Amino acid sequence: MLTFLALASVVLLGIVPERSQAIVIYTGWERHALVGSDIRLSCSFFSWRWTSEDVTFSWTYRPDGSRDSISIFHYTGGAAYVDNKGPFRDRLEFVGNPGRRDGSILLKNLEFADNGTFTCDAKNPPDIVGRPSSVRLLVFEKVPIQAGVITGAIIGVVLGLLVLIVVIYYLMRFLVARRVFSLSVSKHGKKKKEGSQQRQGPAPPADPSKVKAAASEKKKQESRKDKK
Amino acid sequence: MLLLLLGIILLHVAALVLLFVSTIVSVWTSSETSTSDLWYNCSTSNGGYHCDPASTGEWIQAVQALMILSIIFSCLSLFLFFCQLFTLQKGGRFFLTGTFQILASLFVMSGAIIYTVTSPDWVAQTDTFGYSYILAWVAFPLALISGLIYVILRKRE
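The listed protein sequences correspond, in order, to chains R and G. For the first sequence, my numbering begins at 221 and goes up steadily by one. For the second sequence, my numbering begins at 0 and goes up steadily by one.
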């Protein structure tokens with residue numbers, strides 16, 4: 221029992237300090253940009269310890285197709301050191317906030333030769349054990365259109381126009397029908413009042429539409445009799 | 000009378016089937032070892048037959064959209080024909096059916112024209128037009144004639 225407790229305590233003491241010493245670094249996975257534009261490569265970290273004053277950030281760059289990487293940025297002792305001899309000379313700027321665990325850099329005026337992998341490594345003493353994280357940069361001449369965007373847009377617009385025309389057509393029919401309906405009601409109301417005033421007057425004139433319907437029915441009956 | 004009706008429906012269905020085949024089968028351009036457009040570029044290399052998605056240019060997407068729209072309008076026209084067959088009054092004309100069918104034929108025509116004019120941008124000079132492209136051009140006059148027949152046709156009982 222005692223040996224078991226001793227073993228357990230040793231294991232726990234072994235695990236917990238290890239976990240509190242591992243630092244986790246976050247960058248993007250892949251970034252797309254246009255030639256000539258600027259891009260911000262973000263890098264931040266998670267650590268169980270408070271942000272120390274000796275926190276360091278360093279960025280290295282490995283071009284596409286090359287096996288060697290060169291260091292392009294280093295922040296240590298409260299000062300940032302940018303590339304002044306390599307491919308990013310005069311194009312690199314530090315825009316991060318080490319106090320807030322942000323070690324982002326800004327690349328200006330991108331060229332096609334900047335295609336490659338950027339690796340960020342951060343250390344927060346005494347938390348120094350961790351894996352650097354990489355972000356891949358892809359530089360395009362123009363942003364490629366995704367497959368199907370224009371297709372869907374054209375189909376959607378045409379079908380939308382079709383639906384709109386159908387809706388407008390039925391709306392117009394409905395509105396015209398309402399106006400006709402209200403007109404006939406007012407006429408019918410006036411005729412009723414005249415009829416009630418003259419009790420022994422002639423029968424009120426029938427509705428013109430009813431007269432037409434009766435006439436057309438008579439015509440239909442006659443035509444059917446002719447056919448037979 | 001019934002024969003005329005069957006003939007008209009057959010013409011419409013034939014145009015519709017041609018449209019379907021032309022859109023779905025991806026053989027607008029063909030060469031000795033590969034077929035490409037509208038949706039896939041397939042080639043027979045030493046390792047066998049493998050297909051990649053077609054290029055995502057603006058014009059090829061426009062052709063895709065126009066072919067799909069022509070299928071939709073032709074199907075709508077067939078459906079409207081059957082609706083109007085039973086609801087139209089005597090002596091009436093199948094205007095709506097004819098309009099949709101003529102619109103479908105116009106969409107096929109513009110799709111085929113856009114493909115003809117812009118395909119040299121991404122197709123090699125040695126490649127020729129495939130059978131899907133030819134079927135699209137055949138479907139256009141069939142659909143046009145079918146639409147005109149609908150516009151001229153009068154309903155008898």
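What the hints contain is simulated information worked out from the structure, not anything from laboratory work. Here the structure is a predicted model, which means the values were calculated and not measured. Positions of the beta carbon are idealized from the N, C-alpha and C atoms, including for glycine. You may find that some hints are simply not true.
[Said to hold, decoys possible] Examples of chain G residues toward chain R, derived with CB under 10 angstroms: (1) PRO52; (2) ALA53; (3) GLU57; (4) ILE59; (5) GLN60; (6) ALA61; (7) ILE67; (8) LEU68; (9) ILE71; (10) GLY91; (11) PHE106; (12) PRO140; (13) ILE144; (14) ILE148.
[As the list claims (entries may be wrong)] Examples of chain R residues lying across from chain G (beta carbon under 8 angstroms, computed): (15) LEU225; (16) VAL244; (17) GLY248; (18) GLY336; (19) THR339; (20) THR371; (21) ILE375; (22) VAL378; (23) GLY380; (24) LEU384.
Hint by hint, here is what the structure shows:
no. : hint   : verdict
1   : PRO52  : holds, 6 angstroms
2   : ALA53  : holds, 8 angstroms
3   : GLU57  : holds, 6 angstroms
4   : ILE59  : holds, 9 angstroms
5   : GLN60  : holds, 4 angstroms
6   : ALA61  : holds, 6 angstroms
7   : ILE67  : holds, 6 angstroms
8   : LEU68  : holds, 6 angstroms
9   : ILE71  : holds, 7 angstroms
10  : GLY91  : violated, 16 angstroms
11  : PHE106 : holds, 9 angstroms
12  : PRO140 : violated, 22 angstroms
13  : ILE144 : violated, 23 angstroms
14  : ILE148 : violated, 23 angstroms
15  : LEU225 : violated, 62 angstroms
16  : VAL244 : violated, 36 angstroms
17  : GLY248 : violated, 23 angstroms
18  : GLY336 : violated, 25 angstroms
19  : THR339 : violated, 31 angstroms
20  : THR371 : holds, 4 angstroms
21  : ILE375 : holds, 5 angstroms
22  : VAL378 : holds, 6 angstroms
23  : GLY380 : violated, 12 angstroms
24  : LEU384 : violated, 15 angstroms
The structure does not agree with the numbered hints 10, 12, 13, 14, 15, 16, 17, 18, 19, 23 and 24 stated previously, though it agrees with the rest.
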